[in-house]
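Q: In case you want the letters, here they are:
There are 2 protein chains.
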Amino acid sequence: MQKVTEYLRSNQARFIEDLCDYVRFPSVSAQPEHRKDLKACAEWLVKHCKGIGLETRLCTTEGNPIVVAKTPRKKGVRRPHYMVYGHYDVQPPEPFDLWKTPPFEPTIRGSSMFGRGASDNKGQNLAHLTAAEAYIKTGTELPCDLTFVIEGEEEVGSKSLAAFLVKNQAELTCDAVVISDTGIPAKQLPALTYALRGIAAFEIIIHGPSRDLHSGIFGGSVDNPAMALAQILAKLRDKNGRITIPGFYDDVAPLSTYERKQMARLPGSEKEFARFLGVPKLFGEKGFTANEQRMARPTFEINGLTSGYQGEGSKTIVPSWARVKITMRLVPNQNPGKIIKSFRSYLTKLCPPTVRMEIKSGHGAEPYIVSPTSSEAQAALRALKSAFGKEPVLMREGGSIPIVNQFKKYLRADTLLLGLALPDDNAHSPNEKFDLELFEKGQLMSAHLWQELPKK
Amino acid sequence: MQKVTEYLRSNQARFIEDLCDYVRFPSVSAQPEHRKDLKACAEWLVKHCKGIGLETRLCTTEGNPIVVAKTPRKKGVRRPHYMVYGHYDVQPPEPFDLWKTPPFEPTIRGSSMFGRGASDNKGQNLAHLTAAEAYIKTGTELPCDLTFVIEGEEEVGSKSLAAFLVKNQAELTCDAVVISDTGIPAKQLPALTYALRGIAAFEIIIHGPSRDLHSGIFGGSVDNPAMALAQILAKLRDKNGRITIPGFYDDVAPLSTYERKQMARLPGSEKEFARFLGVPKLFGEKGFTANEQRMARPTFEINGLTSGYQGEGSKTIVPSWARVKITMRLVPNQNPGKIIKSFRSYLTKLCPPTVRMEIKSGHGAEPYIVSPTSSEAQAALRALKSAFGKEPVLMREGGSIPIVNQFKKYLRADTLLLGLALPDDNAHSPNEKFDLELFEKGQLMSAHLWQELPKK
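Residue numbers (the UniProt record's numbering), protein chains in the order written: chain X, 1 to 456; chain G, 1 to 456.
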């Protein structure tokens, strides 16, 4: 291992140049005019992977190609196999005028590289490739087999990934998936994200009179659909911030003392957090800290309201309809299907006979968890500690990463989320940056991970 | 009186021709390009009034001119004085393609004259002028003095009327104002509208986080302003349809048995009414009929809701703010100022500390009532009965007519609302029409009114 870490230490300048080359591609998957830039970026990756000694190929899909790169296999030996997932496509750079330096001309200021995709996700997946390079170039034997899968449609919903996984199931089946595409709370605070929330989306439309009515002539004798909607919504959350849908909390895996202790180690006070959000006072489910509420507890959020007249001044109508858009965040082990069913039947009960209700279910995603005491999680924590020289924290992430559920479904593998993005890295915003000290720490972490993971 | 009624009977054909001439003017006050048509229409009115023997002048205002026409006064005698109000301006005719015949080419089909302004308000104010003509032309002495005030800005908010009333207060002060500009429930059902609802408009904005937040990362730890708004709104109306603002009903004048009996005489069942509105079931304040609810009881209506994402699909945010537009309809003797104060203080009590509330008050108008047992109301009922040969009904109107409050304020006079517009007259819509039998009945009603009103 000493040769590996020495190789990494002494080649940082070149690695940063490699990252510059990688970031220069405007590989914006949301914009059709960049299709050729995505292809060129994928081809650059193939060349780079071959150059560092990986057996590499470009897999065509219905969308952008996927790069598959494998470390040299040891003939006749069945070793642990890990997949490293990343993506070479990036978010659109707009608005351009808010960038201090052009998004596709990577620029180093202080300890950061600025450029679209530097953090999300080029810098993070290149860190893993660099660790593999160090093993191969120093002739250090890896105690496991690695397969890199780097796709080009993550920012537009990974549409081709499921078919690709199905097609290459035998080759890709592995003992665990490793992804560096999430956050790290601070430069000196390495973290393993071990759980994600799921999601269930709804749209509810309350239909009242067949057209907007004059509120002077008819108002008072007919229910107001916006009021009916408000009264239904109001009943869905109690004063303790608990969601009132019958059975909603039945399957929620309780937070262990160990997990709560870990979450309490995250930096920042609730007062600072309220100031950061710009609210007079925080609000959430009683009995949980703000971090627990936003990372590890289920939620019910109104995302949008629409009814009647929305312009200047007033219009004296009883509106014909009112609509709400809702998403719930679900946590392990809630089942979206069960929640959707219970919600629909509760809504039917709450809806008064004076209006007609229409419910549309939108997208859904399962929540995700890897036990923080599993051997994989513990191995990841050891690798983080070796790389950073600090005790890592265990985190849950409040958002959803649907591909993680695909890996579970198609490859039967758990995913270790070892993010390197700082909270101020501006992923998806102008002036995206990646911290170059974390680039190096990430390479080290990856190198250690392949030592730790195969240990049982 | 026999000479008067005979004159009216035998001159119908010419009166209809006069109405055609009047309707031909495209006197659309909302459209600046019709300014000259408004002036031409006012000048035609002056000429017409002079021709039938009224002392007439055109009063300039900051907007369109007002026609003032007076019956010949009896020297040295102080007689009861009544003002007849009307307006010569009309609503815009658009959309043109929905008209069966051009809006400003009056056309008779069946017993109706079709044309913009035929019902609202040219036909109705010409009926009153025609009655005065009959008295003058037959040399029949009027037992009172009449002043016709016909303005040209009613459809755009009567902006010049208040200044005009103040300037001509001495001349216009009168014992009662008569307006035919409201509805009649059916051809065979003459009606006196004796009360109007007032109004108070509000906009409430609930401010949450300083920007839309990612519901995965932050959701659960911060209040959702759309939910906070729903929970505030939900508390404002109870399950019996009663508004919960403290003191809201304190000043409401109770409906007398006489009034409720009158309202029960209006045609149509509640089942038919629900079908007409297109709702599965009517809803309103418990203990009152639908007609009472919409005509004589105060209401609280949500006119519009706005928050967060309103486009296709879903956007997983905690919105930064949520807004509601509200109008309340107020009834005699509720005081808008008192209600506004009570509502604001109740809202402050309902608003949770986790969001910030902003309340904007909009326009307001006082409710209006003339006692249905007053001598003026009783005189109007006798005149209606004489003209129609049927027992008239007493009605309240759920909307507001702000000028009525101006007459009360500047002229200290009550207003008798003796509308001739049928429910299907399409006022403000394409194919506006006026029933020519009601035109004649209206003339007779006016002729009788001047006999009945001076009786104490």
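Be aware that one or more of the hints could be misleading.
Copies of one chain are not kept apart here, so a pair can be met inside one copy or by any two copies together.
Said to hold, decoys possible - Calculated cross-link-like contacts (lysine to aspartate or glutamate; reagent style EDC-like; alpha-carbon spacing at most 20 Å):
# : residue 1 : residue 2
1 : 349       : 238
2 : 281       : 212
3 : 360       : 212
4 : 235       : 175
5 : 75        : 18
6 : 456       : 141
7 : 271       : 437
8 : 338       : 272
Read the hints as simulated data drawn from the structure, not as lab findings.
Q: Confirm or reject each hint.
A: Checked hints:
| no. | hint | verdict |
| --- | --- | --- |
| 1 | 349 to 238 | both (17 Å within a copy, 18 Å between copies) |
| 2 | 281 to 212 | between (38 Å within a copy, 16 Å between copies) |
| 3 | 360 to 212 | neither (23 Å within a copy, 23 Å between copies) |
| 4 | 235 to 175 | neither (45 Å within a copy, 55 Å between copies) |
| 5 | 75 to 18 | neither (31 Å within a copy, 107 Å between copies) |
| 6 | 456 to 141 | within (19 Å within a copy, 116 Å between copies) |
| 7 | 271 to 437 | neither (30 Å within a copy, 75 Å between copies) |
| 8 | 338 to 272 | neither (37 Å within a copy, 41 Å between copies) |
Of the hints listed earlier, those the structure fails to meet are numbers 3, 4, 5, 7 and 8, in rising order.
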